[in-house]
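Engineer: Sequence:
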Amino acid sequence: MNNVGGPYSTAVFKFQDSRSRPVLHSVAVALVLKVITTVQRKLRALWALVKDFPVPAGAHWLLGHLVLLANGEREFDKIGLEWAVQYPYAYIFKHGPLEGVLSVNHPDYIKAVLQRPDKKDERIYGLLRPWLS
101 MNNVGGPYST AVFKFQDSRS RPVLHSVAVA LVLKVITTVQ RKLRALWALV KDFPVPAGAH
161 WLLGHLVLLA NGEREFDKIG LEWAVQYPYA YIFKHGPLEG VLSVNHPDYI KAVLQRPDKK
221 DERIYGLLRP WLS
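Heads up: the sequence shown begins at 101 in the numbering used here, then just goes up one per residue.
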């Protein structure tokens with residue numbers, strides 16, 4: 101009994117059958133298309149935000165404003181306060197090339213955002229609920 105490849109060695113060779121190659125190619129193409137459409141959707145959403153709200157300078161092309169965290173948390177808080185003064189209503193904090201967070205500073209803007217029927221993060225919204233009535 102000379103079973104060199106083990107019980108699964110024949111399954112590996114069957115998987116490499118030429119009939120399964122078109123299926124594998126189709127799956128690979130479908131995955132690539134899914135990634136492309138997801139990236140395209142995220143970029144369109146971010147560009148729509150950028151049209152309506154300002155983006156502070158200093159964002160890295162890949163890391164966005166997260167590079168400012170390298171200077172320490174206190175420095176980052178200081179920059180956040182400066183931006184709140186510079187952009188009194190709202191601005192976009194970029195987390196990278198595809199992600200951006202709308203930072204809302206004005207109470208009227210906050211009220212408008214929270215009154216929308218969109219789904220909200222329950223952790224943050226739960227903290228604000230007592231003050232919002």
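Honestly, the hints are just simulated from the structure, not real lab data.
Note that the Cβ used here is the ideal one computed from N, Cα and C, for glycine as well.
Possibly wrong hints are sitting among the right ones.
Result set (BS3-like, lysine-lysine): computed pairs, CA atoms no more than 27 Å apart in a straight line [as the list claims (entries may be wrong)]:
# : residue 1 : residue 2
1 : 178       : 134
2 : 211       : 134
3 : 134       : 151
Between beta-carbon pairs, the in silico distance windows are [to be verified]:
#  : residue 1 : residue 2 : range
4  : 151       : 121       : 43 to 51 Å
5  : 169       : 224       : 49 to 57 Å
6  : 130       : 188       : 32 to 40 Å
7  : 177       : 123       : 51 to 59 Å
8  : 205       : 121       : 22 to 30 Å
9  : 123       : 188       : 51 to 59 Å
10 : 151       : 196       : 15 to 23 Å
Engineer: Does the beta carbon distance between residue 169 and residue 224 stay inside 49 to 57 Å, or does it fall outside?
Structural biologist: 20 Å, violated
Engineer: Tell me if the beta carbons of residue 130 and residue 188 are separated by a distance inside 32 to 40 Å.
Structural biologist: 46 Å, violated
Engineer: Evaluate the given range 22 to 30 Å for the C-beta pair formed by residue 205 and residue 121.
Structural biologist: 56 Å, violated
Engineer: Residue 178 and residue 134: Cα distance at most 27 Å?
Structural biologist: 40 Å, violated
Engineer: Check the hint pairing residue 211 with residue 134 against an upper bound of 27 Å on the C-alpha distance.
Structural biologist: Between residue 211 and residue 134 the Cα gap is close to 36 Å, so the pair fails against 27 Å, i.e. violated.
Engineer: So does residue 151 sit 15 to 23 Å from residue 196, Cβ to Cβ?
Structural biologist: Holds: the Cβ-Cβ distance is about 19 Å, inside 15 to 23 Å.
Engineer: Using the Cβ atoms, figure out if residue 177 sits within 51 to 59 Å of residue 123.
Structural biologist: This hint holds: roughly 53 Å between Cβ atoms.
Engineer: Do the alpha carbons of residue 134 and residue 151 lie within 27 Å of each other, as the hint requires?
Structural biologist: 26 Å, holds
Engineer: Between residue 151 and residue 121, does the C-beta distance stay in 43 to 51 Å?
Structural biologist: 45 Å, holds
Engineer: Given a hinted range of 51 to 59 Å, is it respected by the beta-carbon distance of residue 123 and residue 188?
Structural biologist: Check passed, 57 Å falls within 51 to 59 Å.
Violated hints for the displayed structure, listed by number in ascending order: 1, 2, 5, 6, 8.
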